[in-house]
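Undergrad: What follows is each chain in one-letter form.
2 protein chains.
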Amino acid sequence: MAEEVMLIGAKGSPFTRRVETALKMKGVQYEFMEEDVSNKSPLLLKYNPVHKKIPVLLHNGKPICESLVIIEYIDETWKGTPILPEDPYERAKARFWAKFMDDKCLQPLWKSCSSQGEEQEKAKEEACELLKILDNELKDKKFFGGDTIGLADIAANFISHWFLIIQEVTGVEVSTKDKYPKLYEWIDEFVNCSIIKENLHPKEELVAVFRGRLQAATATK
Amino acid sequence: MAEEVMLIGAKGSPFTRRVETALKMKGVQYEFMEEDVSNKSPLLLKYNPVHKKIPVLLHNGKPICESLVIIEYIDETWKGTPILPEDPYERAKARFWAKFMDDKCLQPLWKSCSSQGEEQEKAKEEACELLKILDNELKDKKFFGGDTIGLADIAANFISHWFLIIQEVTGVEVSTKDKYPKLYEWIDEFVNCSIIKENLHPKEELVAVFRGRLQAATATK
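Protein chains in written order, with numbering that gives the first Met the number 0: chain A, 0 to 220; chain B, 0 to 220.
FYI, nobody ran anything at the bench for these hints, they're computed from the structure.
One thing to keep in mind: the hints can contain errors.
Identical copies go unnamed one by one, so any copy, or any two together, can satisfy a pair.
Within a straight-line C-alpha distance of at most 25 Å, the following computed SDA-like cross-link-like pairs (lysine to any residue) qualify [stated by the list, open to error]: (1) Lys39 <-> Ala1; (2) Lys138 <-> Leu213; (3) Lys141 <-> Asp102; (4) Lys51 <-> Lys178; (5) Lys98 <-> Glu19.
With these hints in hand, go ahead and build the complete structure from the sequences.
TA: Structure (structure tokens):
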């Protein structure tokens, strides 16, 4: 039976891009279904009834949800470039940092640019502390995964691309090369990996997406 | 070299108990270091400088943090009863539900009992929806892991023990056997597994802990 791999996602979403990166690292061919997140499709609701969120990977009709869970599934299912290392302690570290990106960094980084007044000041302070932690983690390494990109690098993709663009769109300066030199070295290495570089989302499209989101956030205040 | 396994935790914490359950499933001997979470030890701050939280597993001096990450490490490091299944799709499902417990259930379940007024009503409503999802997931299964307990069951330990006690202490009724029959069957099966039963935290101690936390929450309002 021919293998069927389908990805329900949105090209502008860092979570979708994480999964695409993992599929491309494994050389897996897949069909991409662009989801309109403002008008969710019956397909998405059927395959991710719990969260109703992208991305969803369908492998021979079986759905897998949550980007980090999907990446581990891909790593365990297909040969090719490994995404997690073999050693259990190194695997634990990769999972720890990937979880850190989602649980700790995402919200404060977004808020540091999108909120206002006191809330923004607090988010900026928090974001700076988090970026310092990441900068420090990278002090002796090229990637979070060591010499090659791994789970934590893929999970940090929103820092290397999306977060820089949000800062540009909003004019808010949170991260700079001077403050986080190792993190900026990592950004440079990461976005220049061929697999990442060839699949970066066009900046002008993301600029449009963020302008829309920021306007929506302001309108609901 | 003799193996050194040390767990920094608090006996009353469901997260610590998760790790203890995993260690016991593998038959790993370990030293337990009770942490005073209101006055964190230099040891905790040294080994979990990022989150400064329990539990931390020290294996031959190397720290592993975050309970779900620790459980996967334990599963990959020691033989004995498997915690995650072998099949990648089943592993993905276990990880999905374990993550669901932490990301979605913990806060609303706690708030449904500990908050007041409108906030409480909203949390209760949300908690009921989440419990319904869990009840439905268990419809054809004995455990979240299938026939035997696995990662998601261990992650759901706060529902089987802590959440029932919180409801008793506060007098708030969120979950009942009538509303969630499959979930209550699961609770019964889970707490009666020998490894869980022999290590349940004494109810009277948890009652005292929750009374303290609820008073503290009220005092800061």
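Undergrad: Could you run down the list of hints and mark each one as holding or not?
TA: Results for each hint:
no.	hint	verdict
1	Lys39 <-> Ala1	neither (29 Å within a copy, 56 Å between copies)
2	Lys138 <-> Leu213	neither (34 Å within a copy, 42 Å between copies)
3	Lys141 <-> Asp102	within (23 Å within a copy, 30 Å between copies)
4	Lys51 <-> Lys178	between (38 Å within a copy, 24 Å between copies)
5	Lys98 <-> Glu19	both (19 Å within a copy, 21 Å between copies)
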